[in-house]
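Participant: One-letter residues, chain by chain:
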Amino acid sequence: MDLAFSKEEMAFREEVRAFFRDNVPPETRRKLVEGRHLSKDEMVVWWRILNKKGWGVSHWPKEYGGTGWTSVQHYIFNEELQMHPAPAPLAFGVSMVGPVIYTFGNEAQKKQYLPRIANVDDWWCQGFSEPGSGSDLASLKTKAERKGDKYIINGQKTWTTLAQHADMIFCLCRTDTNAKKQMGISFIVFPMKSKGVTVRPIQTIDGGHEVNEVFFDDVEVPVENLIGEENKGWDYAKFLLGNERTGIARVGVSKERLRRIKDLASKVESGGKPVLEDQGFREKLAAVEIELKALELTQLRVVADENKHGKGKPNPASSVLKIKGSEIQQTTTELLMEVIGPFAAPYDEHGDDGSNETMDWTAQIAPSYFNNRKVSIYGGSNEIQRNIITKAVLGL
Amino acid sequence: MDFDLSEEQRLLKESVDGLLNDSYDFDHRKKYMAEKGGWSKAVWGKLAEQGLLGLPFSEDDGGFGAGAVETMIVMEALGKALVLEPYLATVVIAGGFLRHGGSSEQKAAHIPGIIDGSKTFAFAQLEKNSRYDLSDVATTAKKKGDGWVIDGEKFVVLNGESADMLIVTARTKGGQRDKSGIGAFLVPANAKGVTRKGYPTQDGLHAADITLTGVEVGADAAIGDPENGLALIERVVDEARTAMCAEAVGAMDESLKTTVEYLKTRKQFGVPIGSFQTLQHRAADMFVALEQARSMSMFATMAADFDNARERATAVAAAKVQIGKSAKFVGQQSIQLHGGIGMTQEAKIGHYFKRLTMIENTFGDTDYHLRRVTDGGGLV
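Taken in sequence, the protein lines are chains A and B.
This note's numbering numbers the first residue of the first sequence as 219 and each following residue consecutively.
This note's numbering numbers the first residue of the second sequence as 2 and each following residue consecutively.
Next up, chain A with everything else stripped away, as it sits in the complex (with noise of 0.2 angstroms):
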């Protein structure tokens, strides 16, 4: 047992370091560090420099443009990315559909999208869920009939997050309507632009415009759309969700708002003394602190378990990063909360796209704490994540 990263590992942490320093963009940086949204151009932007600089898809095989790093190295990439902070890559199209893509595609299809995605030159978006499909999501109603050489979709997915900007959809739909609900599942791509499409914006109570409704109104799609064999699209899904294991506890992220967190908290004054010389708020700090070391540290048990073994069997403790991962979040936002305290009031209308910073950053504190309720809701509830630890590791 050795906790010590290696010299190498130090030298490539100090590399990446540099990097992100040298070349995101100030604006995009500041914004992320204020909690404002970025524009579209800001992060497709962002991406390019990443993509050209040969990281933007870099757990990838390397014949599609990875890096061949080992699991450390993108555990200290993904680490250095959100302390930076920067904006993550596209997880639509770099860590969803990509890998269905060069996994499952036929060779026509891994040229015609893969390089596309790698420079966001397509902006992806996910059709999974439905109105009536969330955590139950094989039960799913959109439906794709085959005619001719054209799949004909009718239905409705929704929680669609930045449909408005996107160019492509990768979406279940049901090709079987007879077949046990999971069994009729096909996985197809469509252009967002195809005739029949209709994007609505959703508006979350934070104010602002993250996700969408999308509607299919007899929408064309050739057959050569399908990822895969017809039917098999439950796998697929079930593939791409699986896919992601260690960067959902987000350490990185969690660890630049605590930053934040003690540089605010040193500002603001109550009873003539910064709310940081609170004993009782350093004594919630320092428990959030802890429960993020103990985050951490599972983390890096399950990454140096695939560092050294493989991926092939995943470390029962990986189950642990979703819950942890996202309540530490959204404590962290809470905390965020209490230091501003009345201050947190005022409300910037125009604060979603933005374009607008005529007020004070810490009006984008309570709707951070507002739309981070999201995390314990999307990627599977963690109620969700705990039926899956009762099954797959208690074996209840």
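No wet-lab data here; the hints were simulated from the structure.
For glycine and all other residues, C-beta sits at the position ideal for the given N, C-alpha and C.
Do not rely on the hints blindly, as some may be mistaken.
Restricting the straight-line Cα-Cα distance to at most 20 angstroms, the calculated cross-link-like pairs of lysine to any residue (SDA-like) are [as the list claims (entries may be wrong)]:
1) K609(A) / K268(B)
2) K529(A) / T375(B)
3) K491(A) / G378(B)
4) K531(A) / D3(B)
5) K355(B) / G343(B)
6) K265(B) / I606(A)
7) K531(A) / D5(B)
8) K14(B) / D220(A)
9) K225(A) / F307(B)
10) K456(A) / K609(A)
11) K485(A) / K531(A)
12) K193(B) / K180(B)
13) K485(A) / K355(B)
14) K258(B) / P534(A)
FRET-style restraints, in silico, Cβ to Cβ [as the list claims (entries may be wrong)]:
15) R235(A) / H101(B): 32 to 40 angstroms
16) D481(A) / K143(B): 49 to 57 angstroms
17) D220(A) / G114(B): 31 to 39 angstroms
18) K485(A) / G175(B): 54 to 62 angstroms
19) G175(B) / Y565(A): 52 to 60 angstroms
20) S484(A) / G175(B): 29 to 37 angstroms
21) G63(B) / K225(A): 34 to 42 angstroms
22) Q177(B) / G425(A): 52 to 60 angstroms
23) Q177(B) / S484(A): 29 to 37 angstroms
24) K485(A) / Q278(B): 42 to 50 angstroms
25) K368(A) / Q278(B): 55 to 63 angstroms
Using the hints provided, position chain B relative to the given structure of chain A.
Facilitator: Then chain B, alone, in the frame of chain A:
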């Protein structure tokens, strides 16, 4: 970055688990508890035979030169089996004092007896008003000729009833809460002026309240610098805390396993109660608490190699906080999920809960260590 055990460590784990599987089930434990002093000399002899009592000592001192990870492995196994024998007091704590502060004469005089199992030790530190503060010492050691005269009262001294030797913290100068002027002294338990009142503790171990009245010891009784011993005491106690974290992980691991087994077998409403989602999710939360505790136990263990003393101490304190919280949750919920049967002395599960509860309150509880982390500047 590696959390795997080495081949040798894996063998050590197998051998200690194997020994305890054979000789330390719940019925055995009851018998050992009824023996004189509340633990089994025969088991202690087996631990000595397997070399476990000599693990941390250097090869020069007759030991195996093992490190913190090996102690973690043993303590976790002891926690799983709820072992009563005085490994913590003798090997971890007294061994720690001798290894880190003992003169070559002291090592030669005391380490062989520990390794061969013929002598056990106890750490007489807690006082009426000291609570968790290691520098709050009212017991005095006054110079007399070349030696010392020790006077004071010590409480809840683990293994104090049957120990052959005591390590007593005492003040050589200064006021009751001064950080300087504290020493650690080797005192034979049968020395003139030592009186011991033994009793069982809540978790089935044994302790003693000890009064020292004009106890005379030689110059060679002081371990390290008798006027500046606090750093040594803190170091050894941090090692004891780290060892107890591992013990708690073992006890939590076994508690969860036992509880999950019960959920699978106990039937109500015609089905195993483990089919109810409320209970499933509680068990899942226990698993999360256990894994977070395991991570921090490993962290404290590996922090033994940190160069920076403050970082080392903060890591141990942080681990003790996590273990305290996890142990309380796992312990309490193990009882809850067992229902009425969990309330009985007859069932094993309650005994884990009691040991976990006592661990939380030994050498600093969760609040105490949270403050220690805060005062140490945090972890991020």
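Participant: Each hint: holds or not?
Facilitator: Okay, the hints, checked on the actual structure:
{"no.": "1", "hint": "K609(A) / K268(B)", "in the structure": "18 angstroms, holds"}
{"no.": "2", "hint": "K529(A) / T375(B)", "in the structure": "37 angstroms, violated"}
{"no.": "3", "hint": "K491(A) / G378(B)", "in the structure": "18 angstroms, holds"}
{"no.": "4", "hint": "K531(A) / D3(B)", "in the structure": "17 angstroms, holds"}
{"no.": "5", "hint": "K355(B) / G343(B)", "in the structure": "12 angstroms, holds"}
{"no.": "6", "hint": "K265(B) / I606(A)", "in the structure": "17 angstroms, holds"}
{"no.": "7", "hint": "K531(A) / D5(B)", "in the structure": "15 angstroms, holds"}
{"no.": "8", "hint": "K14(B) / D220(A)", "in the structure": "17 angstroms, holds"}
{"no.": "9", "hint": "K225(A) / F307(B)", "in the structure": "17 angstroms, holds"}
{"no.": "10", "hint": "K456(A) / K609(A)", "in the structure": "16 angstroms, holds"}
{"no.": "11", "hint": "K485(A) / K531(A)", "in the structure": "48 angstroms, violated"}
{"no.": "12", "hint": "K193(B) / K180(B)", "in the structure": "29 angstroms, violated"}
{"no.": "13", "hint": "K485(A) / K355(B)", "in the structure": "45 angstroms, violated"}
{"no.": "14", "hint": "K258(B) / P534(A)", "in the structure": "14 angstroms, holds"}
{"no.": "15", "hint": "R235(A) / H101(B): 32 to 40 angstroms", "in the structure": "38 angstroms, holds"}
{"no.": "16", "hint": "D481(A) / K143(B): 49 to 57 angstroms", "in the structure": "52 angstroms, holds"}
{"no.": "17", "hint": "D220(A) / G114(B): 31 to 39 angstroms", "in the structure": "34 angstroms, holds"}
{"no.": "18", "hint": "K485(A) / G175(B): 54 to 62 angstroms", "in the structure": "41 angstroms, violated"}
{"no.": "19", "hint": "G175(B) / Y565(A): 52 to 60 angstroms", "in the structure": "59 angstroms, holds"}
{"no.": "20", "hint": "S484(A) / G175(B): 29 to 37 angstroms", "in the structure": "36 angstroms, holds"}
{"no.": "21", "hint": "G63(B) / K225(A): 34 to 42 angstroms", "in the structure": "36 angstroms, holds"}
{"no.": "22", "hint": "Q177(B) / G425(A): 52 to 60 angstroms", "in the structure": "59 angstroms, holds"}
{"no.": "23", "hint": "Q177(B) / S484(A): 29 to 37 angstroms", "in the structure": "36 angstroms, holds"}
{"no.": "24", "hint": "K485(A) / Q278(B): 42 to 50 angstroms", "in the structure": "46 angstroms, holds"}
{"no.": "25", "hint": "K368(A) / Q278(B): 55 to 63 angstroms", "in the structure": "43 angstroms, violated"}
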